[in-house]
Amino acid sequence: GQSLEQPSEVTAVEGAIVQINCTYQTSGFYGLSWYQQHDGGAPTFLSYNALDGLEETGRFSSFLSRSDSYGYLLLQELQMKDSASYFCARGTGGFKTIFGAGTRLFVKA
Amino acid sequence: ETGVTQSPTHLIKTRGQQVTLRCSSQSGHNTVSWYQQALGQGPQFIFQYYREEENGRGNFPPRFSGLQFPNYSSELNVNALELDDSALYLCASSSPGQGEAGELFFGEGSRLTVL
Numbered sequence: 001g002q003s004l005e006q007p008s009e010v011t012a013v014e015g016a017i018v019q020i021n022c023t024y025q026t027s028g029f030y031g032l033s034w035y036q037q038h039d040g041g042a043p044t045f046l047s048y049n050a051l052d053g054l055e056e057t058g059r060f061s062s063f064l065s066r067s068d069s070y071g072y073l074l075l076q077e078l079q080m081k082d083s084a085s086y087f088c089a090r091g092t093g094g095f096k097t098i099f100g101a102g103t104r105l106f107v108k109a
Numbered sequence: 001e002t003g004v005t006q007s008p009t010h011l012i013k014t015r016g017q018q019v020t021l022r023c024s025s026q027s028g029h030n031t032v033s034w035y036q037q038a039l040g041q042g043p044q045f046i047f048q049y050y051r052e053e054e055n056g057r058g059n060f061p062p063r064f065s066g067l068q069f070p071n072y073s074s075e076l077n078v079n080a081l082e083l084d085d086s087a088l089y090l091c092a093s094s095s096p097g098q099g100e101a102g103e104l105f106f107g108e109g110s111r112l113t114v115l
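From first to last, the protein sequence lines stand for chains A and B. Numbered according to this note's numbering, the first sequence terminates at residue 109, and the numbering increases by one at each position without gaps. Numbered according to this note's numbering, the second sequence terminates at residue 115, and the numbering increases by one at each position without gaps.
These are computed hints drawn from the structure, not numbers from a lab. From a predicted model like this one, the values you see are computed outputs, not experimental measurements. Each hint can be trusted.
Which residues of chain A face chain B? A partial, calculated answer using Cβ under 10 Å:
#, residue
1, 6
2, 8
3, 35
4, 45
5, 88
6, 98
7, 99
8, 100
9, 101
10, 102
For every residue, glycine included, the Cβ atom is placed at its ideal position computed from N, Cα and C.
From just these sequences and the hints, can you work out the full model?
So this is what it looks like as structure tokens:
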């Protein structure tokens, strides 16, 4: 199988740190990426991990452990505008990217 | 640099009708993928076009078809519309190999409602 699992909802307060986890099935795995989608908007690329470890881009970081078939997206210094859906997605070594069902993040004041 | 544009943004059809959705890829990108996103779900891969040829297909029936033109723009056609086809249809462009680096550039989508 090639599916991904992530929590459906996460709630956090402004200024806090939140971690969104993603587990995946290993068949034909070629890296894990993360996308953000605001209501009514297009998914936008956040980060990509091909190898184990942490990738940092400003307030957002992404981590991958291939041995555990697990990754996460870490959002620091949360802002209200971070309220959105976040999708983990995997490459398959071919033509398609498979997306998880998404995690809806609610940031409260 | 021009981003990915899609048209129309919204449309309403009835069961059994046919629909054509259009996508202009980002400047410099020759690969276009189409995704269907149902409400509250992640995008589901429909197919990909590269150099005007279908380069791979997801688990969608043949009534979902597409085209890519020499300028890399693309169309998605859906025949014999069903109620379950109601969704946001997303077009994503990428450069060869860049797709494997995770970076797909999405348009805002076409919201299709089938009544």
